[in-house]
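Chemist: Residues in the sequence shown are numbered from 1 upward in steps of one, following the numbering used here.
The hints are simulated quantities; they were obtained by calculation from the structure and are not laboratory data.
By construction, the Cβ of each residue, glycine as well, lies at the ideal position given by its N, Cα and C atoms.
There are no misleading hints in this set.
Cross-link-like lysine-lysine pairs, in silico, DSS-like; alpha carbons within 27 Å at most:
no., residue 1, residue 2
1, Lys178, Lys165
2, Lys118, Lys165
3, Lys189, Lys159
4, Lys159, Lys178
5, Lys165, Lys189
6, Lys76, Lys189
7, Lys116, Lys76
8, Lys118, Lys76
Here are the simulated distance ranges between beta carbons:
no., residue 1, residue 2, range
9, Gly339, Glu368, 26 to 36 Å
10, Arg121, Asp409, 26 to 36 Å
11, Gln123, Arg263, 44 to 54 Å
12, Asp229, Arg168, 52 to 62 Å
13, Ser266, Pro353, 36 to 46 Å
14, Gly343, Pro136, 42 to 52 Å
15, Glu135, Lys112, 16 to 26 Å
16, Glu270, Glu154, 49 to 59 Å
17, Gln379, Asp186, 18 to 28 Å
18, Glu194, Glu278, 38 to 48 Å
19, Arg245, Arg121, 44 to 54 Å
20, Ile231, Ser266, 20 to 30 Å
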Amino acid sequence: MTNTATSINPQADNPRVLLARQSILDEHSQLYGFEVLYRGTTYDITQSQDGMGATQELLSNVYTSILDEVALANRKIFINVDEQFIHSPSFFPSHSTQIVLEILETVPATPKVLEKIKSLRTQGFDFALDDYVFEPEREAFLPLVSYVKIDVLECSIEKVEEQIKHLRNFPFRLLAEKVENQQVFDQYKALGFELFQGYFIERPKLVHGTKVPASQQVTLKLLSELTRDDISVDEVTDLIICDPRMAMKILLLVNSSLFAFVRKISNVREAVVLLGIEAVKKWAIVLLLTSDSQQPIELFRTLLSRAKALELYAVSAGKNNPNDYFSLGLFSGIDAALGIEMGQVTACLHLDPALIDALNFHSGEMGELLSTLQMLERQTLDDSVCAINRHLLDSTYWQGLVWADELLDSVL
Numbered sequence: 001m002t003n004t005a006t007s008i009n010p011q012a013d014n015p016r017v018l019l020a021r022q023s024i025l026d027e028h029s030q031l032y033g034f035e036v037l038y039r040g041t042t043y044d045i046t047q048s049q050d051g052m053g054a055t056q057e058l059l060s061n062v063y064t065s066i067l068d069e070v071a072l073a074n075r076k077i078f079i080n081v082d083e084q085f086i087h088s089p090s091f092f093p094s095h096s097t098q099i100v101l102e103i104l105e106t107v108p109a110t111p112k113v114l115e116k117i118k119s120l121r122t123q124g125f126d127f128a129l130d131d132y133v134f135e136p137e138r139e140a141f142l143p144l145v146s147y148v149k150i151d152v153l154e155c156s157i158e159k160v161e162e163q164i165k166h167l168r169n170f171p172f173r174l175l176a177e178k179v180e181n182q183q184v185f186d187q188y189k190a191l192g193f194e195l196f197q198g199y200f201i202e203r204p205k206l207v208h209g210t211k212v213p214a215s216q217q218v219t220l221k222l223l224s225e226l227t228r229d230d231i232s233v234d235e236v237t238d239l240i241i242c243d244p245r246m247a248m249k250i251l252l253l254v255n256s257s258l259f260a261f262v263r264k265i266s267n268v269r270e271a272v273v274l275l276g277i278e279a280v281k282k283w284a285i286v287l288l289l290t291s292d293s294q295q296p297i298e299l300f301r302t303l304l305s306r307a308k309a310l311e312l313y314a315v316s317a318g319k320n321n322p323n324d325y326f327s328l329g330l331f332s333g334i335d336a337a338l339g340i341e342m343g344q345v346t347a348c349l350h351l352d353p354a355l356i357d358a359l360n361f362h363s364g365e366m367g368e369l370l371s372t373l374q375m376l377e378r379q380t381l382d383d384s385v386c387a388i389n390r391h392l393l394d395s396t397y398w399q400g401l402v403w404a405d406e407l408l409d410s411v412l
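Generate the whole structure from the sequences, applying the supplied hints.
Modeler: Pasting the structure below:
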């Protein structure tokens, strides 16, 4: 699939990206903000004395890199801060409207700390209480924060239901983090939580067995045709024209800022000819999935950024089939997008056997790369993974996020 939609050059001399992000969604699964996490090597964040330096470097990367406005999508930015950072006035940025400072569980609620937080609040800073498990010694923070984050893996829902009753008088918003499936999301939403962090959108309830809803059968049929190697320009054009939504979005896409055509493209066949059949197949698949899925658009932010990151990695690493790497990322959540088991979906698609094995079993070189990128997304990647070029993957991960944000803002 021809890479015509972006000027990102994975071969460029990019510095190592020093931060990662995780989405925070509202009760409607719409994007609210991001937690931004330090990923540099200058500081060991497991050591308390390095916390301030890591946060300083993180803020610097957020607000001085070219990624600041695009990769953070002008949303709330949650950043961890320790006691040393709270007491150091020299490192706070001048613009605070987007920033939410997360008070780590290691910060004691001393009179000095509380006074400093009160002072910073008068300057416009927002605070969140991180990893709150209803400790009495941290209750003094509650009147001073705008958000309280509760790790759902650390507290049972019974304990949370019992303990949050006395929190109702405070004006802060409750945020459930490490929400791993839709059932947990629904439970905490029912308790009054407004914000959610985790990977529940990638784990919806799936249709098991062989019965597939009629609407999804149509989608699978179109996907099957679009993944054929021998499909012609006329056949691709006819498939797109038969779906008015897809035709409209293809034209919106080809005339968007992602492309550099000097004149307006007015019909689908012209778009297919100008872009090339492989590029149009890619975009048709993307638009088909986003149009027909009942899942939140944030799922597709993840899948699109993953697809572009893997494609750029493949190009830079000299792989022969970067198009397949894009498909690997995009289809890595197709089961979540369509609510159908992965094996049922891949059985209908005309994909390379290695790609099918990577999707179903995370096997082979492609499967290992996909697993590594998913660990990076979840912040569970450690240095034991040595077969993958980590420097390159860090860089393409962020380039993928920027690209996906721009795409979603343009046409989806």
